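A.B. asks: Single-letter residue listing:
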Amino acid sequence: MAVDTAGRLAPQKTAFYNDPVIRGFLYQGLVILLVVAAGYWLVTNAITNLRAQGKTFGFDFLGNTAGFDIAFKLIPYDRTSTYLDVFKVGLLNTLLVSVIGIIISTVLGFVLGIARLSRNWLVANIAAVYVEVTRNIPPLLQLFIWYFAVLKVMPPVKQSFNFGDMFFLNGRGFYGPVPIFDDKFVWTAVAFVVSIVAAVLLRRWAKLRLERTGQRFPVFLTALAIIVGLTTAVFLLSGTQVTFNLPALAGFNFRGGFAAPPELTALVVGLSIYHATFIGENVRAGIQAVSHGQTEAAQSLGLKDNDRLRLVIIPQAMRVIIPPTTSEYLSLAKNSSLGAAIAFPELVSIFSGTALNQAGRAIEIVGMTMAVYLTFSLLTSFLMNIYNARVALVER
Amino acid sequence: MKKSLFGVAIAASLALTATAAFADTLADVKARGHLLCGVSEGTAGFETPDANNEWSGIDVDYCRAIAAAIFNDAKAVRFVTSNSTVRWQQLGSREVDVLARTSTWTMTRDTTLGLTFVAPIYYDGQGFMVHKETGIKSALELGGATLCIEAGTTTELNAADYFAANNLEYNPVTFVTQDEAYKAYEEGRCDAFTTDRSALAGNRLLLAVPDDHVLLPEVISKEPLSSVVRQGDDLWFKIARWVFNAQLEAEELGVSSANVDEMLASENPGVRRLLGVEGDFGTPLGLTKDWAYQVIKLVGNYAEIFDRNVGAGSPIGLERGVNALWKDGGIQYAPPIR
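Just so you know, the protein sequences line up as chains Z and Y, in that order.
Heads up: the first sequence begins at 2 in my numbering, then just goes up one per residue.
Heads up: the second sequence begins at 10 in my numbering, then just goes up one per residue.
Think of the hints as simulated: they come from the structure by calculation, not from any bench.
Values in this document were obtained by computation on a predicted structure and should not be read as measured data.
Mixed in with the good hints there might be a few duds.
[Said to hold, decoys possible] Restricting the straight-line Cα-Cα distance to at most 25 angstroms, the calculated cross-link-like pairs of lysine-lysine (PhoX-like) are:
hint, chain 1, residue 1, chain 2, residue 2
1, Y, K141, Y, K192
2, Y, K141, Z, K153
3, Y, K192, Z, K159
4, Y, K298, Y, K84
5, Y, K231, Y, K146
6, Z, K89, Z, K74
7, Z, K74, Y, K192
8, Z, K159, Y, K146
9, Z, K153, Y, K192
10, Y, K336, Y, K306
11, Z, K56, Y, K247
12, Y, K141, Z, K159
13, Y, K231, Y, K336
Same shape as in the complex, but just chain Z:
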């Protein structure tokens, strides 16, 4: 026996727990089990404690009357509306601030980023000081400064700044007229849509012509002329009547027209200015990441200055700019919740604040609020990823 097997090596016997495949399953199974158990524990613990405190869990309270008023809202709302309406009002206000903030901070950020690279000493240094000072002060503090600065500077209602009896500016907000159109306005709207379609077709045709003949066509100016000209012509020819709902002083405040409260202004300005600094740094990094050789190569191809920027430098810079700017958008949206501190009725203030306090449904309301920010962030992230995929380096 011993002689028989001496020449050949018997297959190595390893313990089953040393087998990499089995071990992989074992550890991963263990991790899953732990995660599930932790989740189970959290949920049952919450249920037990809710029961112990005599509370129930459910979303039926959303149908109850909220009973309080909200000053700034984009949809009809009054004290007889429900908690669900409070949620919607807060959500829309949050979205409003986020969208306006993202637009302004992007524009401002690009200006800043380019200014920091300027060869003009003064421009570059002003931009640098602005960026360094602003991004190193906590945003909440900045909001307070903006808010109370706005209130301090603005006159009381009766001494409002008056711009041609149409626009008014005072400590209560910015007021302006709302145009009201009659039924014939629909033709103008149709003309506007048609002219935009025409502009798109024009651009496509111009591109084809450029590729075929090498001749350029002034697309932008022509398109602008079509859109403005056609829309204006139809508006005038259709004989549309326009009336304006003007703001007018009545009692304590202006009524009629639209009103942007100082809370909104302070929040949008504060957030835009704060986040623009980060976006500006992203832009600067992006432009500096494109090596000078690219510029020289474009020049030797004979591209004009404009085309060189548009076709060579910016597309490459975008690859560096987009990912960090996406996360800047996300944090701007989340920071909009700071509006609660300066009385802007956004989601955290009215839903997670007032509604929570009235209804007492902490888990449900905080859960919904978190879900909103999560959804909003994931959505922004998703859209920016699509855009990023378009500008990213295509490897062949």
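Starting from the known structure of chain Z, arrange chain Y on it as the hints suggest.
C.D. replies: Showing chain Y alone in chain Z's frame:
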């Protein structure tokens, strides 16, 4: 096998948390050596810290009275602040033993939050403060006005109700914190500020020029500002209630911190029962026999507390009004100690 072990672990942890939820607050407080009292960040006359972080006010004295009853030491209290949004969670999550934080007793709060309201320490009502220069004399002239409000209180609902009932329009500007709310009002963001009248009277004094602001006469709501405890601990609830009752009873019987030692020799059976000379009213509450004596000796009766914090003996100078004892035409009334 592993799964069943987990099951046991989970069951054990649940059992632990479950018992914790019904724990004996008095035993916890005694073991800890001090009371945890939930107060606001500052409401003049009710709870304000001084430069040395010594708190004073009606709510503060109420907590000190409970500490005196348990520990014979009115200083065995730690004050935990909260804004009006998180106060209920603070109590539910056992960060505080009792909440004495100018909280209005309403049915919804009493029945849905897992809490129990103890006793109205101060009967308040919501009112308005306006800039004097506006010349407004009545809340009914506030149609179309902008109103500064502190968030997360019954204040918002009362204002909504009042303006709806009187068919007036208004614009609420709701702040999460009180400081910003008053600052914005001072800067002219709002025509009026609305909250409980006692708080208005107190906080008016903290504005830059108090005389530029006036309180309007209207009282638009009932605000029984009450202390709150967790639901389900009856003994603790009773301690919280009877400490306050004892202070009312002491005022009614003329027992104050100044004369309480002489009163020990009183022939009045009511006084003798209150001070623990006759009978034992402490043991059923888990306290000593002389608990009420300690409360009055160390903190005082209700009249003393009212007077030094919000009444004639304080800068706020509020009248007793409905907060007078029942025999003086008010509605403060304690069931008899017998």
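A.B. asks: It remains to establish, for every hint, whether it holds in the given structure.
C.D. replies: Here is how each hint holds up against the structure:
{"no.": "1", "hint": "K141(Y) to K192(Y)", "in the structure": "holds (16 angstroms)"}
{"no.": "2", "hint": "K141(Y) to K153(Z)", "in the structure": "holds (19 angstroms)"}
{"no.": "3", "hint": "K192(Y) to K159(Z)", "in the structure": "holds (20 angstroms)"}
{"no.": "4", "hint": "K298(Y) to K84(Y)", "in the structure": "holds (20 angstroms)"}
{"no.": "5", "hint": "K231(Y) to K146(Y)", "in the structure": "holds (21 angstroms)"}
{"no.": "6", "hint": "K89(Z) to K74(Z)", "in the structure": "holds (9 angstroms)"}
{"no.": "7", "hint": "K74(Z) to K192(Y)", "in the structure": "holds (24 angstroms)"}
{"no.": "8", "hint": "K159(Z) to K146(Y)", "in the structure": "holds (19 angstroms)"}
{"no.": "9", "hint": "K153(Z) to K192(Y)", "in the structure": "holds (11 angstroms)"}
{"no.": "10", "hint": "K336(Y) to K306(Y)", "in the structure": "holds (24 angstroms)"}
{"no.": "11", "hint": "K56(Z) to K247(Y)", "in the structure": "holds (22 angstroms)"}
{"no.": "12", "hint": "K141(Y) to K159(Z)", "in the structure": "holds (16 angstroms)"}
{"no.": "13", "hint": "K231(Y) to K336(Y)", "in the structure": "holds (21 angstroms)"}
The structure shown violates none of the earlier numbered hints.
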